[in-house]
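*Asks:* So the chains spell out like this:
Protein chains: 2
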Amino acid sequence: MSLITVGTMAFDAIETPFGKTDKITGGSALYVAYAASNFVKPVQQISIVGDDFPEEEMAELRRRGVQLEGVEIVKGQKSFFWSGRYHEDMNSRDTLVTDLNVLADFKPVVPESYQGAEFLMLGNLSPDIQLSVIQQLKQRPKLIVMDTMNFWMQIAMPGLEQVLKHVDMLMVNDAEARQLTGQYSLVKAAKTIMTMGPKYLIIKKGEHGALLFDNDSVFYAPALPLEEVFDPTGAGDTFAGGFIGHLAKTGDISFENMKRGIIVGSAMASFCVEKFGPTRLKEISKEDITSRIQQFKDLVSFEIELL
Amino acid sequence: MSLITVGTMAFDAIETPFGKTDKITGGSALYVAYAASNFVKPVQQISIVGDDFPEEEMAELRRRGVQLEGVEIVKGQKSFFWSGRYHEDMNSRDTLVTDLNVLADFKPVVPESYQGAEFLMLGNLSPDIQLSVIQQLKQRPKLIVMDTMNFWMQIAMPGLEQVLKHVDMLMVNDAEARQLTGQYSLVKAAKTIMTMGPKYLIIKKGEHGALLFDNDSVFYAPALPLEEVFDPTGAGDTFAGGFIGHLAKTGDISFENMKRGIIVGSAMASFCVEKFGPTRLKEISKEDITSRIQQFKDLVSFEIELL
Numbered sequence: 368m369s370l371i372t373v374g375t376m377a378f379d380a381i382e383t384p385f386g387k388t389d390k391i392t393g394g395s396a397l398y399v400a401y402a403a404s405n406f407v408k409p410v411q412q413i414s415i416v417g418d419d420f421p422e423e424e425m426a427e428l429r430r431r432g433v434q435l436e437g438v439e440i441v442k443g444q445k446s447f448f449w450s451g452r453y454h455e456d457m458n459s460r461d462t463l464v465t466d467l468n469v470l471a472d473f474k475p476v477v478p479e480s481y482q483g484a485e486f487l488m489l490g491n492l493s494p495d496i497q498l499s500v501i502q503q504l505k506q507r508p509k510l511i512v513m514d515t516m517n518f519w520m521q522i523a524m525p526g527l528e529q530v531l532k533h534v535d536m537l538m539v540n541d542a543e544a545r546q547l548t549g550q551y552s553l554v555k556a557a558k559t560i561m562t563m564g565p566k567y568l569i570i571k572k573g574e575h576g577a578l579l580f581d582n583d584s585v586f587y588a589p590a591l592p593l594e595e596v597f598d599p600t601g602a603g604d605t606f607a608g609g610f611i612g613h614l615a616k617t618g619d620i621s622f623e624n625m626k627r628g629i630i631v632g633s634a635m636a637s638f639c640v641e642k643f644g645p646t647r648l649k650e651i652s653k654e655d656i657t658s659r660i661q662q663f664k665d666l667v668s669f670e671i672e673l674l
Numbered sequence: 368m369s370l371i372t373v374g375t376m377a378f379d380a381i382e383t384p385f386g387k388t389d390k391i392t393g394g395s396a397l398y399v400a401y402a403a404s405n406f407v408k409p410v411q412q413i414s415i416v417g418d419d420f421p422e423e424e425m426a427e428l429r430r431r432g433v434q435l436e437g438v439e440i441v442k443g444q445k446s447f448f449w450s451g452r453y454h455e456d457m458n459s460r461d462t463l464v465t466d467l468n469v470l471a472d473f474k475p476v477v478p479e480s481y482q483g484a485e486f487l488m489l490g491n492l493s494p495d496i497q498l499s500v501i502q503q504l505k506q507r508p509k510l511i512v513m514d515t516m517n518f519w520m521q522i523a524m525p526g527l528e529q530v531l532k533h534v535d536m537l538m539v540n541d542a543e544a545r546q547l548t549g550q551y552s553l554v555k556a557a558k559t560i561m562t563m564g565p566k567y568l569i570i571k572k573g574e575h576g577a578l579l580f581d582n583d584s585v586f587y588a589p590a591l592p593l594e595e596v597f598d599p600t601g602a603g604d605t606f607a608g609g610f611i612g613h614l615a616k617t618g619d620i621s622f623e624n625m626k627r628g629i630i631v632g633s634a635m636a637s638f639c640v641e642k643f644g645p646t647r648l649k650e651i652s653k654e655d656i657t658s659r660i661q662q663f664k665d666l667v668s669f670e671i672e673l674l
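Note that the protein sequences, when read in sequence, are chains U and D.
Counting from 368, one number per residue, gives the positions in the first sequence under this note's numbering.
Counting from 368, one number per residue, gives the positions in the second sequence under this note's numbering.
It is worth saying that the hints were derived from the structure and are not from the lab.
A few of these clues could be false.
Identical chains blur together in the list; that is why a pair holds if it fits in one copy or across any two.
Stated by the list, open to error - Straight-line alpha carbon distances no greater than 30 angstroms define the calculated BS3-like cross-link-like pairs of lysine-lysine that follow:
{"#": "1", "residue 1": "K558", "residue 2": "K387"}
{"#": "2", "residue 1": "K532", "residue 2": "K642"}
{"#": "3", "residue 1": "K642", "residue 2": "K390"}
{"#": "4", "residue 1": "K572", "residue 2": "K664"}
{"#": "5", "residue 1": "K626", "residue 2": "K572"}
{"#": "6", "residue 1": "K572", "residue 2": "K558"}
Using the sequences provided together with the hints, build the complete structure.
*Replies:* Structure follows, in structure tokens:
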């Protein structure tokens, strides 16, 4: 089954307590593509870059079965650039620079060849852009998952509420779920969000794992306790890519299979943080992924006879 | 198998965003006893109270198989009193009052009838008191678990390091594990702690669950996502009581059985926070506990075929 991913392809400059990068490739759609392409082909990418975006990166994505027809390359302009510095605890960061560049005028066009995709991953972008992609699809995908962030809740809440009515799943972090609903309890926040449109909700809690909700059930997947988180940039998008990649591979959108998707996504995210940017995602093999998923099974498995 | 628990029996006055109590009973050993007595009898309590401590509470504990021969009642003096106010997020609190009262001169004496106990739970007390209990035991228990807190790391670190050499397991929260070792990464903190004496370590992460480490393995148990945390007071001690109660019931100190102990402890803690103080722990039945443990199984269970 095919998967459309919409999001940024960009440059990041990252500082962590472990070191510092110059401009390296990044962006939500890039991470989603690297993660998802381990499981499903084609990944049909929709994004925008300047003519400074490296052709080697494009070639590497194509080699992995990522279609780039939906990636607009704007001549004479620069790609989106973000620079940030992580604090000692790696859970918080300061944004140093945000240069929208080509992103300022992003009006995604869904290529004819992408029509009919069964899965759609809407990365964090303005609600207008997210909605425009949904509206261009002639056939509604089997599953539409969207990410968003607090910024859009502050400046574009009506638009965000509109998109929420059209998606099957919202995937946000705990702070975003709280801000969106004004509820501190994640269980209450989940109930509120499921009245806003989505039938499913994933709340990402970083080093504390992830929660999956539908109306009746909840699933809690841990994060792998890591000796070192080298660079958390892209971990959430990598999680999303692994999750929806697994679902698109299997074509199964049952709650049980979403649980598996979360384990796959968590495994992918645990690789992402091991090196700067998407470096580690380009190195890992199928065997590495299988062995990491086994670690997750071992991490949470227990047998208990009820008293 | 029998279990000795050492800790406070006290009065607490609690404010949460949901309400406020007058003085109610509390203390680490009280919570441990209420939780553990569901699984093992006798629970052999070592503590100290003033003559203001309610006889009904003592009677209730006895009814549950808690032996109180090791609880000193000091005539004409008051029980330990703590008062605190929880913040909106329930993860942090301000201490308003700490009146040590009888606790200032606590010199625990292990009754002869307690000798031979296979399990020992050392609640959070000064390292000197914890060590004195260990030294009074003629036969070393099969498993010694200790709790502690940042306060002792600040004022009694040499004593704390001494006790650590004599115990099998340390059970602390994430902030305490970090403070004890100077390591932010919990995996690194765990490795450091296991060079200090304990063979096992449990790191309690509150709403984010708990981690169990030994030298080779790690287990991550989630916390049940709750609609409302009414009052977190005593949740950590209730977790400890459920954990060691299960171990003492089964007599099995394998890593696999410790995992089960953590699930039992987590289930007990999830009851504790539903009402003020130990109220909820006095209400629940065996059936409630079984059904809650089933919820934990459902919460984390997944099946995945490796690719």
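*Asks:* Hint by hint, note whether the structure agrees.
*Replies:* Against the structure, the hints come out as follows:
Proximity of K558 and K387 under a CA criterion of 30 angstroms is satisfied inter-copy only: 27 angstroms between copies versus 41 angstroms inside one chain copy. Taking CA atoms no more than 30 angstroms apart as the test, K532 paired with K642 passes in neither setting, with 37 angstroms inside one copy and 37 angstroms between copies. Taking the closest pair of Cα atoms, K642 and K390 come within 30 angstroms of each other only inside a single copy of the chain (15 angstroms); across copies the shortest separation is 52 angstroms, beyond that limit. In this assembly of identical chains, the alpha carbons of K572 and K664 lie at most 30 angstroms apart whether taken from the same copy (19 angstroms) or from different copies (20 angstroms).
Proximity of K626 to K572 under the C-alpha cut-off of 30 angstroms is found in both arrangements, the shortest distances being 16 angstroms within a copy and 22 angstroms between copies. For the homomeric pair K572 and K558, the shortest alpha-carbon distances inside one copy (17 angstroms) and between copies (24 angstroms) are both at most 30 angstroms.
The structure fails to meet hint 2 from the earlier list, while all remaining hints are met.
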